[in-house]
Each structure stands twice: as C-alpha cells, then as structure tokens.
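Starting from the known structure of chain A, arrange chain S on it as the hints suggest.
Number of protein chains: 2
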Amino acid sequence: MSKWWIENGTFVTMDKAQPVVRGHMVVDGDRIVYIGEERPQEADAISVRIDGSRRVYMPGLINTHGHAAMSLLRGFSDDEALQTWLQDYMWPMEAKFTDADVKWGTSLAVLEMLKSGTTTFVDMYDRMDQVAQVVERSGMRGVLMRGAIGLCPEEVQREKLAEAVQFAKDWNGAADGRIATMMSPHAPYTCPPAFIEAFVQAAHDLDLPMHTHMSETRAEVEQNLREYGLRPVAHLDRLGLFSRPSFVAHAVHLTDEEIALLAERGVAVSHNPASNLKLASGVARVPELLKAGVAVSLGTDSAASNNNLDLFDEIRLAALVHKGVSGDPTVVPAMQALQLATLGGAATIRQPELGALKAGLKADFISLDADQPHFYPRTDIVSHLVYSASGRDVRDVWVDGRQVVQGGVCLLLDEEKILAEAEACYRRLAGA
Amino acid sequence: MSKWWIENGTFVTMDKAQPVVRGHMVVDGDRIVYIGEERPQEADAISVRIDGSRRVYMPGLINTHGHAAMSLLRGFSDDEALQTWLQDYMWPMEAKFTDADVKWGTSLAVLEMLKSGTTTFVDMYDRMDQVAQVVERSGMRGVLMRGAIGLCPEEVQREKLAEAVQFAKDWNGAADGRIATMMSPHAPYTCPPAFIEAFVQAAHDLDLPMHTHMSETRAEVEQNLREYGLRPVAHLDRLGLFSRPSFVAHAVHLTDEEIALLAERGVAVSHNPASNLKLASGVARVPELLKAGVAVSLGTDSAASNNNLDLFDEIRLAALVHKGVSGDPTVVPAMQALQLATLGGAATIRQPELGALKAGLKADFISLDADQPHFYPRTDIVSHLVYSASGRDVRDVWVDGRQVVQGGVCLLLDEEKILAEAEACYRRLAGA
Numbered sequence: 100m101s102k103w104w105i106e107n108g109t110f111v112t113m114d115k116a117q118p119v120v121r122g123h124m125v126v127d128g129d130r131i132v133y134i135g136e137e138r139p140q141e142a143d144a145i146s147v148r149i150d151g152s153r154r155v156y157m158p159g160l161i162n163t164h165g166h167a168a169m170s171l172l173r174g175f176s177d178d179e180a181l182q183t184w185l186q187d188y189m190w191p192m193e194a195k196f197t198d199a200d201v202k203w204g205t206s207l208a209v210l211e212m213l214k215s216g217t218t219t220f221v222d223m224y225d226r227m228d229q230v231a232q233v234v235e236r237s238g239m240r241g242v243l244m245r246g247a248i249g250l251c252p253e254e255v256q257r258e259k260l261a262e263a264v265q266f267a268k269d270w271n272g273a274a275d276g277r278i279a280t281m282m283s284p285h286a287p288y289t290c291p292p293a294f295i296e297a298f299v300q301a302a303h304d305l306d307l308p309m310h311t312h313m314s315e316t317r318a319e320v321e322q323n324l325r326e327y328g329l330r331p332v333a334h335l336d337r338l339g340l341f342s343r344p345s346f347v348a349h350a351v352h353l354t355d356e357e358i359a360l361l362a363e364r365g366v367a368v369s370h371n372p373a374s375n376l377k378l379a380s381g382v383a384r385v386p387e388l389l390k391a392g393v394a395v396s397l398g399t400d401s402a403a404s405n406n407n408l409d410l411f412d413e414i415r416l417a418a419l420v421h422k423g424v425s426g427d428p429t430v431v432p433a434m435q436a437l438q439l440a441t442l443g444g445a446a447t448i449r450q451p452e453l454g455a456l457k458a459g460l461k462a463d464f465i466s467l468d469a470d471q472p473h474f475y476p477r478t479d480i481v482s483h484l485v486y487s488a489s490g491r492d493v494r495d496v497w498v499d500g501r502q503v504v505q506g507g508v509c510l511l512l513d514e515e516k517i518l519a520e521a522e523a524c525y526r527r528l529a530g531a
Numbered sequence: 100m101s102k103w104w105i106e107n108g109t110f111v112t113m114d115k116a117q118p119v120v121r122g123h124m125v126v127d128g129d130r131i132v133y134i135g136e137e138r139p140q141e142a143d144a145i146s147v148r149i150d151g152s153r154r155v156y157m158p159g160l161i162n163t164h165g166h167a168a169m170s171l172l173r174g175f176s177d178d179e180a181l182q183t184w185l186q187d188y189m190w191p192m193e194a195k196f197t198d199a200d201v202k203w204g205t206s207l208a209v210l211e212m213l214k215s216g217t218t219t220f221v222d223m224y225d226r227m228d229q230v231a232q233v234v235e236r237s238g239m240r241g242v243l244m245r246g247a248i249g250l251c252p253e254e255v256q257r258e259k260l261a262e263a264v265q266f267a268k269d270w271n272g273a274a275d276g277r278i279a280t281m282m283s284p285h286a287p288y289t290c291p292p293a294f295i296e297a298f299v300q301a302a303h304d305l306d307l308p309m310h311t312h313m314s315e316t317r318a319e320v321e322q323n324l325r326e327y328g329l330r331p332v333a334h335l336d337r338l339g340l341f342s343r344p345s346f347v348a349h350a351v352h353l354t355d356e357e358i359a360l361l362a363e364r365g366v367a368v369s370h371n372p373a374s375n376l377k378l379a380s381g382v383a384r385v386p387e388l389l390k391a392g393v394a395v396s397l398g399t400d401s402a403a404s405n406n407n408l409d410l411f412d413e414i415r416l417a418a419l420v421h422k423g424v425s426g427d428p429t430v431v432p433a434m435q436a437l438q439l440a441t442l443g444g445a446a447t448i449r450q451p452e453l454g455a456l457k458a459g460l461k462a463d464f465i466s467l468d469a470d471q472p473h474f475y476p477r478t479d480i481v482s483h484l485v486y487s488a489s490g491r492d493v494r495d496v497w498v499d500g501r502q503v504v505q506g507g508v509c510l511l512l513d514e515e516k517i518l519a520e521a522e523a524c525y526r527r528l529a530g531a
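Protein sequences appear in the order of chains A and S.
Quick note: the first sequence, position 320, residue 419 per the numbering used here, numbers continuous.
Quick note: the second sequence, position 322, residue 421 per the numbering used here, numbers continuous.
For reference, chain A alone in the conformation it holds in the complex (with noise of 0.2 Å):
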C-alpha cells in the first residue's frame, strides 16, 4: 500500500516532544512518515484520506504478559484459593488441551485483544506454532515463546528445552517481522536451577532475550528462600538469568535491594494489576519500580484469572490503585499510567520502534470514537483515555501499516466461527 494520509485527527503521540497533536498523520507501508500540525508537504500527491476529525488517535496497546489459549477457561472458575483454582479447575482441564483448543482458545484471544486496542500481545504457553499460526493470520504482533516448566524428569526436559529451541528458531521474525520469539523458564518455583541454566545457555546461543513468572505470591519467595536460601531475584541473578535482555510478569513481593537490582541490570517488568487482585497476591509496588527507572508495563495475565484482555481495564487499575494504596493521589498520574500500555511495554519487549506516533517508527496505531459522553467535556484526553475509556471505544486498529479492525469487526478473522469454535472446545473439555 502506498502513502495514506489521516486528515485532522487529534493523535495522542506519547512522544515527550509533542504528546498530543491536533492535525494530521501519513503513513507509508509498515512506517510512520509524517505526524504533525502543519498539512503533509507532499498533501496533494496522497490520494488515500481518511478523514480523522470524530476520533482519537493512539499507539496500539501492548501487552506483555498471558497465556493466550486460556481463555477458553474464562469463567469457568472464580473467587477461589490460587492452590484450589490451579490444582482443581486450570491444571486438569489445560491437561486436556489439544492442538486445537490452543488455536481456538488463541483465536478467541486475539479477536478480543484486537477489537479492544491491543495490537502486540505477548505469549507464554505450549504448542506454540498453533499460537503462532493464528497470530501469522491475524495481522496481529505477537512476541511468542513456549513457557517450560521444569518439575519432570530430565529427559522431559531435555525435550522441553529443545522444544523451546526450535520454536523460538522456527519464528523468530516471521510473519513479515511480526512475531519475535524469547526463551521462557516458566518460574524460579517450576523450574530446577540448572534447567534455568539451559535455558539461559539457549538464550546466549540464539540471542535472545528471556522471560519468566516472578515473585508473584507471598508464598513463593518463602519457598525460593527455603529451597535456595535467596529471594527470587538473587537467585534468578545468580543463575544468570539477567545477563540476557529480560523482563519478568508480577514482581508483586520486592524489597527495596530487589528493586534496585532489577533497576541495575536492566530487568523489566510486567505489572499485571487485575490478575493480581483477583488472585489475592497483593499489589506490586509500581511507583518505587518507576522511580528506580525501571521499565514498567502492564499484562492482562490469562482470561482465567482477569477474566477479560482489554488493556485500558489495566490502564485504569494501574492509574487507581497504586493512589489508593499507598495514600498518595500523586502516583502513577494519567499519563504514566499511558506509557505503562505503550512505551512501557516497546521497553520491555525491546521493540523501540513501537509504542508511540513518530516519524519513523511502526505504523501500529489505533482509533476511539471519541463522540460518546463519557469522553465530554474535552478537558484532557490523555486523563479521558486512562480513566474513561474502554476497549470498546476502539473502532479501527492498524498494525505494520495494514488495517486489521476497521469500524469494530476484525478483517482477517472469522468471529462467528471464532466464538462458536471456541465454545465447541470448552464444551468437549467441560464434558469429558
């Protein structure tokens, strides 16, 4: 496709120079090539215009953390104890999952993630090419890796391992650049040292950045203590784990060593805030991680235990209840809160080409239809979009320059046979 041109929008750029901007955007092929007040220099040559003026323009929403097939679960357990809702209800029924429930269970992940805004989604599961095959079709961007989990005998995992080897060869950068792969230990807790080790060896040996579950619940940091003498993150340091890029989900229990160390060395993470209070496991301590200047983003963690993908529910959570616990109104404001969803998570997946409206970067962007009430009056629309939006306010959505939601409705997915596909699986599970 060639140049195309957004004509009098009001773009939310997340850009420090300009943040927001009142007039137009061109895109050229996968990239941004113009954002700004003035008209395009070269305005009569685009013939393909869009007329802007009843939306809002943002960088599509990032999300770094889930398990996509598991929202063939949503609902199907709730408001239980984390041992009874695993060892009762997730594990027994993923046990069963089949190749496709994983791509039904991905496919229905994907159409809401998409309809709601999200266009780069991070994936942490198994049977991964059926993930990466509905990602490939989708249009969506998927940072994708198969989350291995270590309690089993050697030559289990021995076959784990090289199942994550050659995934994370097999796609990395497939799909025209849009899916990038990771190696991913599931959790210091799940996984043996030295199975952490081979998994930190692979990573060197395929340069690639690292992954992993961290210090979500009280319980296990006592553990990891117990069972190595070290909190988690001395332990995942000493495994060498931080020598690659990295990022972690949760880090809901840190002292203020482990954030400082994480700080150091370049450790993201990947705040999760409904999943962590729906599961009890407390609430991350985000201000002093931001203060530390450590790369924060949000992650909805699986429908299972959120129970839903829209990333504005995160944006909001993370905006409200960092204030509330800490007693400080001042934390977290507006458009931090933004950067979390956006540049926060370009950071942390080490993509910085994503994440804002720039000349130069990615053309991953979306559209709020911003005439509705809760968007009046038009006081802030950086504070609009944290505190007031809902995924369901996004009608358009591009991602690498191409439309993949236009007016609501995906264009490369069937949601019919999606969500009647989707409920098949969970039936046949449900029923055996």
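Hints may be right or wrong, so weigh each one.
It does not matter which identical chain is used: a pair holds within one copy or between any two.
Each computed EDC-like pair below joins lysine to aspartate or glutamate, with the alpha-carbon atoms no more than 20 Å apart [stated by the list, open to error]: (1) Lys390 x Glu179; (2) Lys516 x Asp470; (3) Lys115 x Glu321; (4) Lys390 x Asp470; (5) Lys516 x Asp468; (6) Lys457 x Asp427; (7) Lys195 x Asp304; (8) Lys516 x Glu253.
Worth flagging that the hints you see were computed from the coordinates, not collected in a lab.
Just so it is clear, the structure is predicted and the values come from calculations on it, not from any experiment.
Just chain S, lined up with the frame of chain A:
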C-alpha cells in the same frame, strides 16, 4: 403500553430462588408480571415480542452516590493532592456554576449513565430543580437531594435548609414516582452539629430518609475526634441522623465498633471504590461490612473524581480490590459484586421494588450484547458480567417499563445537543 414479552433470553435475575433463568419475561405497564423457563401462559395473547436470544438481561444498575453536574469537570484536574484538587480546581469552578451548567452537566451524566446501564441514580448537589427536570425528561429514576454545606452564617444555613425542604416536598414522588427525595447535610466535617440536627428534624417532619458523606478520609475522622471527641459514626448517631432510614457514602475508615453500630442502626453504605482509590482515600472495609450485615451498594461519585459513570467499572473494582488488599481471593465473589449494584442499591435507597427481575417488581432492566469475545465461552454469565462486561456492552434500557435506550441510543435525550452544550458550558467556565 400493554403486555409485551421477551422470548428466549438469558436473564440474570438476582433472585436467590433462581439467579439465572433461560427463558421468558413478560412486562405489563411498569411491572414485570412473569419470568420463567416456560412460555408464559397467555403467550398467544401477547402481540409484542422481542427476540432475546442474542442478549443477556439483568436488573438496571443503581448508582447510590454522585454529583451529576460535576461531569462538566471530568478531566479538568487529576492526580493532585486532595486539598489542592478541591481548593484550587473544584471549588472555584463550582462557584461559577449557573442553572444552565447544572442542567447540561447533569444531562451529560444522565446520558452516560443510561447508556451504560444505570437506571437509578442518587444525586446530591444544589440547583436541584434543574436536576429533577433532567431526570423527568430522561425517563431515568432518581433519588435526589439538595446537599447542604453548613460552613456559613446561620441565615445562609436557614436558607439552605429551607431550599432543601422545599425541593424535597416539591419533587418527592414526581415523574410518575420515578423521583424520590431525601434530606442531606453534606458531611460531619462541613456541617456544624446544630445544622445536622435541623436536617434530621426536617427529615422526621417530612418522613424522608437521609444521606451524607462520612469517613471518606483519615484526616476527616481525626478532625471529628479533635472537634467533637467522637469518631463520625458515634457523632452522627448522637445527632440523631441514624434514627432515620439513612445511608452514608464512602465509609472508608471504620473501626469494628463503628461497623457494628452501622449494622445495628440499619445504616446502609454506598461504596465508591474508584473515587476512593483515585483520591487516595483508601479502601473501605467492604468484606467486614457485608459480614456484619450492612447493606452495601456502589456509587461512582462524580465524574471529576472517577472519571466515568460506568457502574460496571465499580462492580469489577469491588470484586477485585478487596481480594487484593485482604489477601483472600474468596471475598466479594462475582455474585456478591453484582448484588452490590442491584439488590444492594435497592436496599440502600429503600426501594425494594427495584434491583431484581421478579414478577411484581418494577420493570427497570437492561440488555447486553452477549455475542462478543469477552463473553465466551458460556461458562458463567455472572462472572462475565462482573469481570468482563463494560457499560458499552449495554444495548437496551427500560425504566418503569418504558424503553429509554434502544440499540445504544437514548430515545428521550438529544445526545448531540447535550455533548455540544456541555462542552460550551465547560469552555465558558474555564475561560471566564
């Protein structure tokens, strides 16, 4: 309008006998006359039928605390310390409010609330005749009161009381009973004891319930102790406020003894989680209040401190926050969270004909578009409504048996005009 029938719908009734009915509902005038799995007996005689097969129906939501006209100040000032926010931003702007500002600010709020599924709202403000006229026109149900601050000369106090009494008399039972009135001294820290007592006396004389702000911030509780030697609950109890049917907003900072006294006096609590978090007031002890048998409901507070009026956001927050803060994932389970916004609301405002779908009750109810990815798979519709739904999923709204929103469009309000007028009011206020 004569009888009409919703066929083949999914009804979340909130009725303990059968919380979810897949079947039929018949409305006659302002009442629900039948709900059940079987076709209604007089089926053939009912000519008006609605196909409910792609919808979920539930009682209209009840927003038990707010200041609708302050929607004009949405996003005008965020992320500030409470006193800065009030003294430097809110109060100077509110001092400039005219009748027109209250009219259009309230209209903006009513529009947002109706479209997001709220059918009844509590409003405490001034220039209440304007508010009542908007409610009358909109088709919505309102519990309205002149909220009076008593930090003024006695003569002005007397004027305010007279105004509150006159409004309460003029409008109680108006708009075919859709409007109820209450008496409302603003708060213990803004009203001298004698002023509160005068309101209590007037409420006795008029036989009306009472509403006030209470224990929103720690500072306010400490001030009460300093000035009166009592915490707010004992203070209001001594002034006789709890001798009336009454409810308080916020109630964030409560001791066990205060919770017990609220329960004993039958005082209900309007829990405002978003506002309490955003203003960093803290987290109300909702699990303890519920355990003690206090009727708890949900309020948005104003759009200046929330910043939206979508009660589904409050429902989800109520279900999430108390788990995260208490460390117990079983508190405020999904059904209880939904009860807060329905049956809890009805109990709070003392209107037992609202809050459930049941033969004999008022026909105040809403439909949501269930054909969306975040409502799949069909595991648990109550969980989906609490953890995944948004006000933007609401398609139709009926109040008192009359349809007021159809396919997302308000039937009795001119949306375009309201957005334009609210914007003009804000421009004038900000520029003056």
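>> Please list, smallest to largest, the hint numbers that this structure does not respect.
In response: 3, 4, 6, 7 and 8
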